[in-house]
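K.L.:
Residue numbers (the numbering used here), protein chains in the order written: chain W, 1 to 167; chain B, 168 to 559.
There could be a bad hint or two in this list.
Once the Cα atoms are required to be at most 27 Å apart in a straight line, the calculated DSSO-like pairs of lysine-lysine come out as [to be verified]:
| # | chain 1 | residue 1 | chain 2 | residue 2 |
| --- | --- | --- | --- | --- |
| 1 | W | Lys-140 | W | Lys-97 |
| 2 | W | Lys-13 | B | Lys-303 |
| 3 | B | Lys-435 | W | Lys-13 |
| 4 | B | Lys-303 | W | Lys-21 |
| 5 | B | Lys-401 | B | Lys-353 |
| 6 | W | Lys-13 | B | Lys-297 |
For each label pair, taking beta carbons as the anchor points, the in silico distance ranges come out as [as the list claims (entries may be wrong)]:
| # | chain 1 | residue 1 | chain 2 | residue 2 | range |
| --- | --- | --- | --- | --- | --- |
| 7 | W | Lys-2 | B | Ile-222 | 47 to 57 Å |
| 8 | B | Leu-351 | W | Phe-15 | 37 to 47 Å |
| 9 | B | Asp-301 | W | Gly-103 | 56 to 66 Å |
| 10 | B | Glu-238 | W | Pro-163 | 50 to 60 Å |
| 11 | B | Ala-253 | W | Phe-15 | 23 to 33 Å |
These are computed hints drawn from the structure, not numbers from a lab.
Ideal placement from N, C-alpha and C gives every residue a C-beta, glycine not left out.
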Amino acid sequence: MKLRESDLPGIGKKFTLHTGKGITISLVVHNTGRREIYLFPSGDEGDALCVIELSDEEARQLGTLLMGAFFTPVIVDEDKIDLLLKGLIIEWIELSKNSPASGKSIRELAIRTRTGASIIAILRNEKDIIPNPFPEEVLKAGDTLIAVGTREQISGLIELVVPRSNK
Amino acid sequence: MEFNIILGLGIILSALFISAYVVRRLRVPSILIYIILGLLLGAFVNRHSEGVLNIFSEAGLILLFFFLGLEFSIERILVVARRIWAAGIIDLIINFGLGFSIGYLLHFNVISCVFLGAITYVSSSAVILKLLVDLKRSANVETEIILGILIFEDIVASVLLAILSGIVGSDTGSPAVFTALFILAKIALLLGASLLIASIFASNLRDIIDRISEEEFLSLFVIGSVFLFSGFVKFLGVSEAFGAFLIGLIFAESGRLEPVERIALPLKDMAVAIFFFSFGVSIEITGDFNKLILTLILLFFVTSLGKIISGYLGARLSGLRDISSLRVGYSMVARGEFSIVLAYAAPDGLGIHTLSGFYILFLTIAGIISMIYAPSLARGTRRVFTRRRSGL
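If we strip away everything but chain W, and leave its shape as in the complex, we get (with noise of 0.2 Å):
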């Protein structure tokens, strides 16, 4: 993978990453925030094959989707996103009816242990905040997990409780 940086004077900046199924991607983002996300072929000379216009809140939205963040909660502030930058992930993760988890204790688990994740807080029945659950502390299906640990440990994390049948 390669990342290349330049400059467009009285426009903006161009990041452009070369995939590995030889396609570049190329984004622009305007010296308005406006982003352009463009697609070329791989020759990469020519007009590109389309392209994606997102606002700056857009594009900070899809920036967390693209991060691995798959649940956004309603609000993404600034401090969240540098929180991602810097590796760290807030991750909020629903466990679903069949999740192996469900029924289990977070001790029962394992899960500081076995993936490094720390559970900060359940969401349970959508109103009910449990923050900083005890081990004993039984989830159920339908609960929300607000989870932190780097990228790894969080999908650790995911490999834990959610199904292999819905992967």
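Following the hints, position chain B against chain W.
P.N.:
For chain B alone, kept in the frame of chain W given last:
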């Protein structure tokens, strides 16, 4: 009855607004509309309002160059200079050369030929930049080369303007060559001094702007420094526009562009509109009509072709392939604001204003069309040439 200057200015500004509003959906750049309006309304602008217009258009010129300077940091200039110098020099030689030669062939005097060369040399950054963004070509490979050449041109043209207006302004008896050398020395000194000021006082300037960025007198500080510096440079016998460009460079080094641009932009937009309007007013068809038409036709075809060729060669040298290089060529044809600024510096009575006014009108429109169809034009051109080669 005394002439009501406020009413006159109000009518002009409103007319500019209405015409810009009406054509805003078309791809026609607003400066063309301002010039055409000046041309049409020129007869109604009387001597009283002319004085006011002159003050505003002078301010417009200065602020235009101030903003140009703001766009450049010293670092950016060095990067462009390293990457694009060969393409830039080819562009200068071919296009300045063609304009100069046509003037020479048609028996214009030497100073007019130099002005023609300068006017035909500079492509329009404003038109080309806007179209690149509108046509969704910002990420194309050729765009980096186009932008590089445009920056190179803007810098060279700023210096050219300083030299030309210096030569026109000085009425010493010494030969033009000495005058030019003397002015060149002054320009180099001013540039050096400005870069020195920029690097020494960048942090002080940043502190000042930070401290007063929310105060209402920030505008007094910014506009005041711009006019003070430009006026001082003019006092030294170099173009005030070049001075404004330098103070723009100094402000750019402070790294605090946002408050400065926010405060100066509204005044700049208004004054620049009046500048182009006044230029339109100064166009009048006098003298040899046939010669005007002949010159226009020659300039139109030869210098359009010149840009296509120089753009192609420059892009090839910068490592682009055939088809993209042709697209660079077809994207460089538009001339605009800078050519007008250069023509504005020409002395009256040479007919340069009128000639370049029409030249720019035609070449802006031709440039826009050529740029929109650049992809198909480039493909077509290559097909013609490969067929000819294989036919041999």
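K.L.:
If a hint holds in the structure, say so; if it does not, say that too.
P.N.:
A quick look at each hint next to the structure:
A threshold of 27 Å between alpha carbons decides the hint, and for Lys-140 of chain W with Lys-97 of chain W the separation of about 8 Å falls inside it, so the pair holds. For the given pair, Lys-13 of chain W sits about 14 Å from Lys-303 of chain B by alpha-carbon distance, which is consistent with the 27 Å threshold. Taking the CA atoms of Lys-435 of chain B and Lys-13 of chain W, the gap is about 25 Å. The hint holds against a cut of 27 Å. Of the supplied pair hints, the one linking Lys-303 of chain B and Lys-21 of chain W holds, its CA atoms being roughly 24 Å apart against a limit of 27 Å.
Distance hint between Lys-401 of chain B and Lys-353 of chain B is fulfilled; the C-alpha atoms sit about 11 Å from each other, no more than 27 Å. For the given pair, Lys-13 of chain W sits about 16 Å from Lys-297 of chain B by alpha-carbon distance, which is consistent with the 27 Å threshold. Separation of Lys-2 of chain W from Ile-222 of chain B is about 54 Å and conforms to the stated range, judged on CB atoms against 47 to 57 Å. Between Leu-351 of chain B and Phe-15 of chain W the C-beta distance comes to about 41 Å, which sits within the given range of 37 to 47 Å.
Distance hint check for Asp-301 of chain B and Gly-103 of chain W: the Cβ-Cβ separation is about 58 Å, which falls inside the suggested range of 56 to 66 Å. Range check, Glu-238 of chain B to Pro-163 of chain W: about 56 Å between beta-carbon atoms, so the 50 to 60 Å window is met. With their beta carbons about 26 Å apart, Ala-253 of chain B and Phe-15 of chain W fall inside the hinted range of 23 to 33 Å.
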